[in-house]
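Colleague: Single-letter residue listing:
Protein chains: 2
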Amino acid sequence: MSKTHNFFAGPAILPQDVLIEASSSALRYQDGLSLMEMSHRSQPIAEVFEEAENLVVELLNVPSDYKVLFLTGGASSQFYMAPMNLLNANETAGYVDTGTWSTKAIKEAKIFGNVEVIASSKDKNFSYLPKGFAEPEGLKYLHLTSNNTITGTQIQEFGTYKSRLVCDMSSDIFSRPFDISKFDLVYAGAQKNLGPSGVTLAIVKKDIVGKVEREIPTMLNYQTHIDKNSMFNTPPTFPVYVCLLTLRWIKKLGGIEAMVKRNAEKSNLLYGEIDRNPLFYGTVEKEDRSKMNVCFLLNDDKLNDAFLDAAKKANIVGIKGHRSVGGFRASTYNAMDIESVQALVDVMQNFEKVHG
Amino acid sequence: MSKTHNFFAGPAILPQDVLIEASSSALRYQDGLSLMEMSHRSQPIAEVFEEAENLVVELLNVPSDYKVLFLTGGASSQFYMAPMNLLNANETAGYVDTGTWSTKAIKEAKIFGNVEVIASSKDKNFSYLPKGFAEPEGLKYLHLTSNNTITGTQIQEFGTYKSRLVCDMSSDIFSRPFDISKFDLVYAGAQKNLGPSGVTLAIVKKDIVGKVEREIPTMLNYQTHIDKNSMFNTPPTFPVYVCLLTLRWIKKLGGIEAMVKRNAEKSNLLYGEIDRNPLFYGTVEKEDRSKMNVCFLLNDDKLNDAFLDAAKKANIVGIKGHRSVGGFRASTYNAMDIESVQALVDVMQNFEKVHG
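First to last, the sequence lines map onto chains A and B.
For the first sequence, position 345 (counting from the first letter as 1) is numbered 344 according to numbering that gives the first Met the number 0, and the numbering increases by one without interruption.
For the second sequence, position 63 (counting from the first letter as 1) is numbered 62 according to numbering that gives the first Met the number 0, and the numbering increases by one without interruption.
Source of the hints: derived by calculation from the structure; they are not laboratory data.
Any given hint could turn out to be false.
In silico DSS-like cross-links for lysine-lysine, where the CA-CA straight-line distance does not exceed 27 angstroms [stated by the list, open to error]:
(1) B:K205 to A:K121
(2) B:K227 to A:K319
(3) B:K319 to A:K227
(4) B:K103 to A:K205
(5) A:K227 to B:K109
(6) B:K205 to A:K103
(7) B:K227 to A:K103
(8) A:K106 to A:K130
(9) A:K2 to A:K205
Label pairs and their in silico Cβ distance ranges [unchecked claim]:
(10) B:E90 to A:A118: 36 to 44 angstroms
(11) A:R322 to B:E214: 48 to 56 angstroms
(12) B:G271 to A:K106: 55 to 63 angstroms
Only some residues are given here: those of chain A computed to face chain B with a beta carbon under 8 angstroms [said to hold, decoys possible]:
(13) T3
(14) P10
(15) P14
(16) T71
(17) A257
(18) V259
(19) A263
Every residue, glycine too, gets a C-beta built ideally from N, C-alpha and C.
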């Protein structure tokens, strides 16, 4: 069977080497046991967590005043956990509204304190990122979404802000370097560039925790997980292990800089074809285009099904666009090889020959 | 290599058939993709969740006014989520304190309402279960822990209560039948009888939800997950899939009644040896002994290391007791075959010949 080209937005493609090793460890890891059968208090699992944490620190240059956590509940849980831990009821956080995920984050934050939406691109269906907006004094933090999976926008560079930053990096963490010293908190569901679903990465500046007045349930307090190295309760051991394998793979390929190069090649190839091919157009302001999720439409949307058919025949899966945007979305995360993007470009070019 | 006998308390032994199929699906499931690479919105994953939910309903005879949920965060998260969803600030819940887990549940519940600890076995290091205690009128619910992993006690039969019940069944769900109509909520971390760590089962009586006055974050509201069939956000797809495989295995072996028989044989064999062998004694009141976690000590605790060594030579892992009890704990969950218990009994008998 020829290779399947996996463009799902998440859970998403994982490196083949990772899948082979994960599959093997799901059957036998150490002492004749599956990794899934081993106590989280056993030495082999403790070593998995320690190495995974250390690799995040190494790959992202995380300084020692931050703590890397492996949590559960996805970014959707960080939407409330961040303000619950950081924002007193009488304090104000700023949010930049750039799509579905930030809109959800705003809704949850309002339960805990004052929320000021200081910029939004809702006026154009989130097809661009607001820039040059005024930043009020005295915000407890400013919340950003680095990459928007649904609409395909991405902050190209984190600029200079007066406020401390909290950022949802679910869909582009480990795709590029960033200066974490600007951030009080970075969080990411694993199921794009890091691993399978079921684990959430959080990188927390340690001295921001414990400063709100409300009583926080033990499991929802970042301090609990900082103190216990993500092992306060039984963590999702197998998902964290698959993250470890992915982190090792990133390092082996040359670290974050290698991912930058890899992702630039893929997105240049695909956006190049979208801009060249008269049948297609991109949905996003060019300067805000995501290197992770490439959204595009057919000028003639009556051809949509024919294009999906042609893609399917080329073993391409997961390119149907989100219902709020329509058309097509090709997610080209770290693990995707350029040959898969080339396969999609080939389909677009053949489609032009038939329908152009 | 000879078989490893896995007595870990959790994450714990899984059936070999489950591990073989999980390992295979971690590499290739459908369309040439690993199950871990597939969108939770794809048809194959939707079918995994639907079948898993239906099998829980079938195996436990769950009536249609209840909803089966696959959540994250473990029982430790249900400790706060249950009172957050069910208990108004001016209402009172009753808790029976039978060990570490109920003590933690009590701590979290106090954040949300009034808690009355109506019985406790703390006076004897939780080595028995309180019985015949007075049950006050007007409790919003009564919280029980069906099986205590650390001390090895287990409620043998759920009696008759005035109050509606909320129960932590993490370590013995699917080991025996129970009448769910007495319960408003049953919850269980998966990593004992159900699957790997990273997923939490909750069975919620639908009409109990939405009756508290506080504002609940979206992800923490049972109603969110009831409405979206556990797919409000990206769920832990692979862990849920492994639960599905385990549920199929339980059904294939004959359902819950087959588990009852299987577990009785194992615990009779092991408790029989503990009671017969003059070197050992059980730590728990006989009438409260757990069929899942068998706790026992050596009369001469200077022999502890020698016994652990002897067990290790017989490929027995995971029998060191929790530090709060000491000695040994053999967890004999559904997936364990009687031959593993026999291997442990053989070691105990050989140990008697040498040290008796």
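Colleague: Which hints, by number, does the structure contradict?
Modeller: 1, 9, 11, 15, 17, 18, 19
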